[in-house]
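Enquirer: In case you want the letters, here they are:
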Amino acid sequence: MSADVILAVRGVSKSFRGLKAVRDVSFEVPRGSICSLIGPNGAGKSTFFNLVTGYFRPDSGTILFEGRDIAGASPVDVAHLGVARAFQIAKPFPGMSVTENVRIGALFGRAGPRDVEAVTQSAMQLAGLAELHDREARELTVGQLRRLEVARALAARPSLLLADEPCAGLNPTETAEMVAILRRARDAGATVVLVEHDMPAVMEISDTVLVLEAGALIAQGAPQAIARDPRVIAAYLGTEE
Amino acid sequence: MTMQTLVDGLVLGGLFSLSAVGFSLLFGVLGVVNLSHGAFVLIGGYAAYTLHEKLGLDPLLALPVIMLGMFCLGYAFQRSVIQWATKRASLLASMLLTYGFALMIRNALVLIYSPDFKSVTPAYAFDSLSFGEVTVGLTRVAALLVSIVLLAALAATLRYSNIGRTIRATAQQEQAAALCGVNIRHVFALTSGLSAAFAGAAGVAIGLVMPFSPPDETLWTVNAFVVVTLGGIGSPAGALVGGLILGVVNTMTAQLIGAAFPNAMMFLLLVLMLVVRPAGLLGNSFKGSR
Amino acid sequence: MKLFVSGRSAWVSIAITLAGALLFALLPAFLSPYGVRVGQLFVLAAGLAVAWTVLGGFSGYWSFGNAAFVGTGAFVAALIELALPGWSPAGAFTVALLAAMLLNGLLALVIAWPILRLRGIYFAIAMLGVSQVCYELVSNIDALRGALGVNLLDIVPKDVRPERFYYWALLLAATAIILIAICVRHSKLGYGLLAIREDEDTARMLGVPTAPYKISAFVISAMLTAMMGVIYAHNLGYITANSVFRNEFNLNVIVYSLLGGMGTIIGPIVGAGVMTYVTQVLLGDLLDIHMFITGLLLAILVLAAPNGLYGIYDAYRLRLKRQKREAGR
Numbered sequence: 001m002s003a004d005v006i007l008a009v010r011g012v013s014k015s016f017r018g019l020k021a022v023r024d025v026s027f028e029v030p031r032g033s034i035c036s037l038i039g040p041n042g043a044g045k046s047t048f049f050n051l052v053t054g055y056f057r058p059d060s061g062t063i064l065f066e067g068r069d070i071a072g073a074s075p076v077d078v079a080h081l082g083v084a085r086a087f088q089i090a091k092p093f094p095g096m097s098v099t100e101n102v103r104i105g106a107l108f109g110r111a112g113p114r115d116v117e118a119v120t121q122s123a124m125q126l127a128g129l130a131e132l133h134d135r136e137a138r139e140l141t142v143g144q145l146r147r148l149e150v151a152r153a154l155a156a157r158p159s160l161l162l163a164d165e166p167c168a169g170l171n172p173t174e175t176a177e178m179v180a181i182l183r184r185a186r187d188a189g190a191t192v193v194l195v196e197h198d199m200p201a202v203m204e205i206s207d208t209v210l211v212l213e214a215g216a217l218i219a220q221g222a223p224q225a226i227a228r229d230p231r232v233i234a235a236y237l238g239t240e241e
Numbered sequence: 001m002t003m004q005t006l007v008d009g010l011v012l013g014g015l016f017s018l019s020a021v022g023f024s025l026l027f028g029v030l031g032v033v034n035l036s037h038g039a040f041v042l043i044g045g046y047a048a049y050t051l052h053e054k055l056g057l058d059p060l061l062a063l064p065v066i067m068l069g070m071f072c073l074g075y076a077f078q079r080s081v082i083q084w085a086t087k088r089a090s091l092l093a094s095m096l097l098t099y100g101f102a103l104m105i106r107n108a109l110v111l112i113y114s115p116d117f118k119s120v121t122p123a124y125a126f127d128s129l130s131f132g133e134v135t136v137g138l139t140r141v142a143a144l145l146v147s148i149v150l151l152a153a154l155a156a157t158l159r160y161s162n163i164g165r166t167i168r169a170t171a172q173q174e175q176a177a178a179l180c181g182v183n184i185r186h187v188f189a190l191t192s193g194l195s196a197a198f199a200g201a202a203g204v205a206i207g208l209v210m211p212f213s214p215p216d217e218t219l220w221t222v223n224a225f226v227v228v229t230l231g232g233i234g235s236p237a238g239a240l241v242g243g244l245i246l247g248v249v250n251t252m253t254a255q256l257i258g259a260a261f262p263n264a265m266m267f268l269l270l271v272l273m274l275v276v277r278p279a280g281l282l283g284n285s286f287k288g289s290r
Numbered sequence: 001m002k003l004f005v006s007g008r009s010a011w012v013s014i015a016i017t018l019a020g021a022l023l024f025a026l027l028p029a030f031l032s033p034y035g036v037r038v039g040q041l042f043v044l045a046a047g048l049a050v051a052w053t054v055l056g057g058f059s060g061y062w063s064f065g066n067a068a069f070v071g072t073g074a075f076v077a078a079l080i081e082l083a084l085p086g087w088s089p090a091g092a093f094t095v096a097l098l099a100a101m102l103l104n105g106l107l108a109l110v111i112a113w114p115i116l117r118l119r120g121i122y123f124a125i126a127m128l129g130v131s132q133v134c135y136e137l138v139s140n141i142d143a144l145r146g147a148l149g150v151n152l153l154d155i156v157p158k159d160v161r162p163e164r165f166y167y168w169a170l171l172l173a174a175t176a177i178i179l180i181a182i183c184v185r186h187s188k189l190g191y192g193l194l195a196i197r198e199d200e201d202t203a204r205m206l207g208v209p210t211a212p213y214k215i216s217a218f219v220i221s222a223m224l225t226a227m228m229g230v231i232y233a234h235n236l237g238y239i240t241a242n243s244v245f246r247n248e249f250n251l252n253v254i255v256y257s258l259l260g261g262m263g264t265i266i267g268p269i270v271g272a273g274v275m276t277y278v279t280q281v282l283l284g285d286l287l288d289i290h291m292f293i294t295g296l297l298l299a300i301l302v303l304a305a306p307n308g309l310y311g312i313y314d315a316y317r318l319r320l321k322r323q324k325r326e327a328g329r
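Quick note, the sequences are listed as chains A, B and C, same order.
Note that our numbering numbers the first sequence so that position 36 is 36, with each residue one more than the last.
Note that our numbering numbers the second sequence so that position 10 is 10, with each residue one more than the last.
Note that our numbering numbers the third sequence so that position 208 is 208, with each residue one more than the last.
Same shape as in the complex, but just chain A (with noise of 0.2 angstroms):
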């Protein structure tokens, strides 16, 4: 595999008592890019994750992560080989402040322990989070908790960040701002790729687009080209309205 992909999976399948979550799914993010998961709901899109962070382990298959065969390492072990998960319904420590959330995914990252401050300072302002440092986490309003979720992940250095729906549920504004957040943490060094429901964000933020429908890789390409495939539009966009 050449250098510039981060990710290459190949083969990956995974069931649950018999329900084929994952099926034979093989495909490679390069580097420096932001790539889209998207399908209709129960497309193995979340399994799909939980599989590259070690919450799961494949069926079968390889999940190799800057050229090492991770699948069905411990979630704590991929965490330190450089991979980070922004969860959908965010896990804040809500009695923390957000300075100490973030600080927390800066410690058990990759920064050095001289660098914690520097890069914790570095990911709350790169998610617009300075403002509220002392806030704390349950005073957040939902936007505000998904950037908290995005910065804690991106303090560990990752390089790559998995988000899992960074924009469900979010408003206009919001939105934008979180697919600006997202830019950032691109050009900061991180892989991106996303899971999300949100097309327009998609459209607009996505160099790749993955297509999952129950558990089948059916469609991989650019945004523009995914949103003419007509499988695409009949598995999900056309089901969508």
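Hints in this document: simulated from the structure, not taken from any laboratory.
Built from N, CA and C at the ideal position, the CB exists for glycine as well.
One or more hints might be untrue.
[As the list claims (entries may be wrong)] Where chain C lies over chain A, by a calculated footprint (3+ residues, C-beta under 8 angstroms):
(1) 96-106
(2) 144-151
[Unchecked claim] Quick list of in silico lysine to any residue cross-link-like pairs, SDA-like style, CA-CA up to 20 angstroms:
(3) C:K158 - C:G91
(4) C:K188 - A:Q121
(5) C:K324 - A:Q121
(6) B:K118 - B:I184
(7) C:K321 - A:P223
[Said to hold, decoys possible] A few chain B residues that face chain C, going by a derived Cβ cut-off under 8 angstroms, partial list only:
(8) L97
(9) Y99
(10) L111
(11) A254
(12) L256
Dock chains B and C against the given chain A, drawing on the hints supplied.
Expert: What follows is chains B and C alone, placed relative to chain A:
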């Protein structure tokens, strides 16, 4: 000799099962760990003692009355206190709340009955039945029968009656049950009432077989927990399996290793079981085992 | 490697602790011997509760069985002193104390592997089981003398009143425990434990090595609890299994944290203070209904202030903060 130990173990196991089944039900349906369960068991025992001493009422005749009284107590306890606590605080906090009640009940029992051991001794307390080499006191036979009959009755109620079905449905899908028009609070309180009624019945049966004192409440609570851990949460069958295993292990340990070691053995078993199969032998009868 | 992640607040806490300890050290000069004994109970309770908090409060793994470490610590120390007949009391005590802490640390390490995999209520009850097993073994194995009882060395210097000496000894130990808890709280370990408490799976995905962290906290908690147990045992002078494997040690430590504020360090200290004051001073004469009142207080507490006294203060502080922000706008 070993046969005798086995039979003694089964009698003891029946008591463990009966004393645990209410705890198990409450845990399974409400998710509440009731640390005052052992105290409820003792209230049953002391009620039987009082009715026997003051009115000369046979404990087995007093049993239905005591169960009814305990049912009301359990119902009220849930509607007034536990419901409030679980709404406002965590389930762990509800453990502290019930621990507080256990302390209060224990203290009250000491004030009313003194800290000394008491036992319920009906006229037939000293008769016994013999089967070959095995001799069993009549009260022990009665206690075992009470345990088995009541457990079977509870199992049948949960399985076949309307209220049993409602309880099981509520345990599995609280919100769905509420949407179907089930009055959740009432169902929870009924469950709590049943739990207390069976605790009371266990107290009566225990009173027939062995002396008891207020500090025993801790023991019966912990026993109930061990039984549930061994057998599985929520079901009479789980309580029966867990209780019988515990009873036999108890008497066998006393017989083979030493009279001082049943409790240590019991806890060793508990810890091992938690590590190997936290959901118990029969699993959680209401929710999928995790 | 920096010791503290959040340096400034750690040093502030340490300074406050030292100042508070100094203040408490002066108290016996103003108290009757009875007052000093109440002080002992408070300091003992606070020390044990903070030691419990290192695991229970920070990581959310509530142990219902810390009496295991109090009792095992006390008996290890007693038996070691018995085995060192020719030694000076101070020397034997030092060896006994260190050995008791070390052995309890080992005990925790051994049981940690199986039982720290359990979560929530199952961990709590498994610990209750552990404390019962320790109690039963110590009471029933003759060589351990739990049933018969065993004397501990008299380590009180000649010119100091015993109740004062033990007050200071317990205070010193409690202060050490609080300082260690502060260090843990503000270190990388502490942040990892808090992450585990909030959500263990998320913590793992953030790269927190959860298993080693939980085990570390458990071992530290066990060693600190044992230290308190050893000094308490010397204060008693003569111990049986019943006097050191006490159920109160299992559950009261949790009550203190709940009353004061779960997860904080100041919470269990305040909780221990309030409970000791209420049970020993206000209700000191009502021994008959002691347990009843404790239970009642507990019930009222859970119903009225589920997040403890700290929770009340915290809600007030948040409101103030919000008001200030809105005023500034």
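Enquirer: Going through the numbered hints above, which ones does this structure break? Give me the numbers in ascending order.
Expert: Structure breaks hints 2, 5, 6, 7, 11, 12.
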